[in-house]
Each structure stands twice: as structure tokens, then as C-alpha cells.
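Going down the list, the protein sequences come from chains B, A, Z and X.
Residues 13 to 124 in the numbering used here are what the first sequence lists, from first letter to last.
Residues -6 to 167 in the numbering used here are what the second sequence lists, from first letter to last.
Residues 18 to 101 in the numbering used here are what the third sequence lists, from first letter to last.
Residues 452 to 537 in the numbering used here are what the fourth sequence lists, from first letter to last.
Rather than coming from a laboratory, the hints here were simulated on the basis of the structure.
Careful, some of the hints might be misleading.
[To be verified] Mimicking PhoX-like on lysine-lysine, the simulated pairs with C-alpha atoms at most 20 Å apart in a straight line are:
| id | chain 1 | residue 1 | chain 2 | residue 2 |
| --- | --- | --- | --- | --- |
| 1 | B | Lys107 | X | Lys477 |
| 2 | B | Lys110 | A | Lys101 |
| 3 | A | Lys75 | A | Lys11 |
| 4 | B | Lys107 | A | Lys153 |
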Amino acid sequence: MQTLLDIIGGILLVSGTTFLMLGGLGLVRMPDIFNRIQAGTKATTLGTLLTLAGIGFMHPEWSVKLLLIGLFLLFTNPLSSHVLARSAERSGVDKTPKTRIDAFAEDHGDPS
Amino acid sequence: MIESMKAGTMTSERDSAKLFASLLIFWIMLNGTLAIDTLIIGVLACLAITYFFRDSLSYLTDFKMTPQAFVAAIKYFFFFLKELVVSNVRIARIVISPDLPINPGIVKVRTKLTSPMGRLLLANSITLTPGTLTVEIEDEWYYIHWVTADATDIEAATNKIVAGFECHLEVMYG
Amino acid sequence: MSSLLTAMALVIATAAIGAAFVAISVNRISIAILAAGAVSLLASVLFLLLAAPDVAMTEAAIGSGLTTFLFFFVLGRIRGGKYD
Amino acid sequence: MVDMLIYLAAALAGIAFLMALYRFVKGPLAYDRVIAFDVMTIITITCIIMTAMITGRGIYLDVALVYALLSFMGVIVIARYLERSS
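Extracted from the complex, chain B is given alone in its bound form:
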């Protein structure tokens, strides 16, 4: 029984860290700051949640505290990436030439 739980937890752990690795890869490959925020923080959020779930399978007696950590991450992560994106948009960071439409700059004039 315990070994079965351990194997499920290990598989969840590996899938979570795979998402972490993809988030790091996106951080390196994406061309501008908004796409880096997209690829970086959100893949790592899912990766951390999956890792927490996997360790919760391995050590069921810690599950309450792991749940609290997951809850904190779920509430604080979007806030920090939203604040960072808003700050970058308001200070007029250059976007990649592939950008098709920029409704914010159309409505507010050129921020720089």
C-alpha cells in the first residue's frame, strides 16, 4: 500500500518538475518581457502544485501544511505577475515585433 502511494507520488513529482523545467526553458527562449512572465511564472505555479501533491501522497501526515502552502501560492502568484506586467506596460517597455495588436497603447497614447 505504502509503495503504491510512493510510486504515485513519485510520478506526480516528476511531472511537476517537468513543468518547472519547461517554465525555465520558456524564460530563456521567449522574446520579450510579457511572454517571459507568461511562460515563466505560470508553468512554475502548476509545477509547484503538482510537486506539493506528489509529496502529499508520499507523506500523508503533512498534507494540511502542504495544502496551506499551495493555497498561498495560488493567491500570491497571479498578484505578483499582474503587478509586474502592469508596471512594465506603464513604463513603456519595448514589445517584440511579432505583436499584432496593443489595445492599451491605442487607448492611452504612447506611454513613453
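Using the hints provided, position chains A, Z and X relative to the given structure of chain B.
For chains A, Z and X alone, kept in the frame of chain B given last:
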């Protein structure tokens, strides 16, 4: 006049009770024990926080305490988890493909929600599902950065991004 | 399993050296403060790997959180002076 | 079997950490460095929890809890400062 004042204090007391209950649950989860001394200290601390911050910490005030709202909350949570996994896989496929097929843009959408808490939850959900990122909120207009901007006008973008979350949040917060 | 912990400590020590290099080589003062915060954060993970969770918690709260916050607060206050 | 999975997970997390470090050292803009710092903090939380699992000491989870709260505060302070100074 008197009736409205009475109603005001009634709702304020209910909000304080909700705040106190959620803080106490949080304290018990953080300690992981139900020993009597821990519980007494927790009750004292939660009473103090509820007394001093009863006006500013009002994150539960707009939630409708009806059975439909609870069902919608559970449905919303599972829809959110499904959406999180699906769009993460989509972004992962973009990242590992060699020519990086992105098509970014900032689009403008509008929401029908009116309560501040519902709008906050909607913005957080949009930010947490990869591919879309809330850049700015102005009243009912959201500016959203989208990695694969398929639709550029307001109506189509609203249908694609917001509608799925909005139908659950509308039941919860009205 | 202890070899895994050693490898983790090596990676984190390398990262701490890299962040310290950023802190002394960059020419914007805000990035230097951020990099110093990163060094403090990685040092607290090293304390944790040396089996001292209480020291690690203090380092994370004071060194990485409060010090960075205080530096940026003061930097925002003294803006408008003659030198950056 | 389980040991092998744990080693694989640790290796993947280490690769992710080094990639974020690359962006932190190179990053042309200040915002790139801030986002790399945020990602490094999140990966560090994962590393702490894995350390807690390997050593079997539950007290390490409290450190991860402190991290999950603090990273958010630091990023918000830095973003507000950068917005004001530009």
C-alpha cells in the same frame, strides 16, 4: 432610516462572524492541533484582529450564502483546474517547438460582474491560466496580454477568454 | 540520498556566486539590491541544507524580505537628489 | 524505483534553476531580472519541500511557508519602485 441602520449593523455583524471563522480555521490549520491552550490563544488573537480590521478585511462580504453559490464554487474550482492543466500543456508545446509559434497581442475585454471581489477572482483566474495575463483593470474593462491572439475585437475575445469563468462567478457573487 | 543533498548544495552555492557577481557588476542600483536579496535567499537555503531551519527562517525573513524592502523604501524616499 | 524518480525530479528542478539563473545574470532589462528572481524563489520552495521529504523533518515546511509569503511582497515592492522611477 432606522430600518436601514439596523440592516447595516446586521450585515456588519455577519461579516465579522465570517471573518472570525475563516481566521480561526486558518489558525487551526497552521498549528495542526486542537489542544486547548493553542485554541484559547487563537480565539483571543482572532477576536483582536476581527475587532481592529473589521472594516478593511472584507473579502467574504459579497459571497452569497446560498446552496447554488456553493455548487457554483465547486464547479468553478474544477473548471479552473481543468483549464490550468490544458492551457499549461498548450504553452509547453509552444515552448518546446523549435520555431516558437507565438502570436502575442494585448486585447481588451469587458466583464458583466459588478462586485469587486468577483472582479478580483476573475482577474486572478485569467492570470493563472497560462496564455492570458491581466495587465490592467479599469472599471469593467480588462486589458489582457495573450500569447496566441486569435481574436482581436472585443466581443470575440470576451467570448474566448472570460465567458467560461464568468458564468460560474456570476452565480457566486452576482 | 545524502549525495543528492550535496549536489543540491553545490548548485545553490554556484547560483549564489552568480548572483553576487551580478550584484557587483551591474550599474543600476536597484538591480544590485535585488541581487543582494537573491544572495541572501540562496544563503538561507544553504543554512537549511546544513540542518538549521530556525536560522534559515530568520535569514529568509530578515535578510531577504525586510532588508530588500527597507532598501527600496529608502531609495524611493531619497529620489530627486543630485546623484543616482 | 521511487529513489530513481526522486533523483530524476531533482535533476529536472536543478536544470530549471540554472535556466532561471541564466536569465538573472544575462537579462537585458531590470524586469527580466525581477521575473527571473520570482521564478528562482518558486523553484527554491520546491527544493525546500524536497529536502524536507528526503530528510523526513516536517519543520522544514515552515520555512517554505515563510518563503511563499515573502517572495510576493518583495516582487511587489520592486515593481512599484521601477514603475515610479521610469
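Taking 20 Å as the top limit, are the C-alpha atoms of Lys110/B and Lys101/A close enough? holds (18 Å)
Given the proposed pairing of Lys107/B with Lys477/X, does the C-alpha separation stay at or below 20 Å? Holds, at about 18 Å.
With a cut-off of 20 Å on the C-alpha distance, tell me whether Lys75/A and Lys11/A pass. Cα-Cα ~29 Å, so violated.
Does the alpha-carbon distance linking Lys107/B and Lys153/A stay inside the 20 Å limit? violated (24 Å)
Violated hints, in rising order: 3, 4; the structure is consistent with all others.
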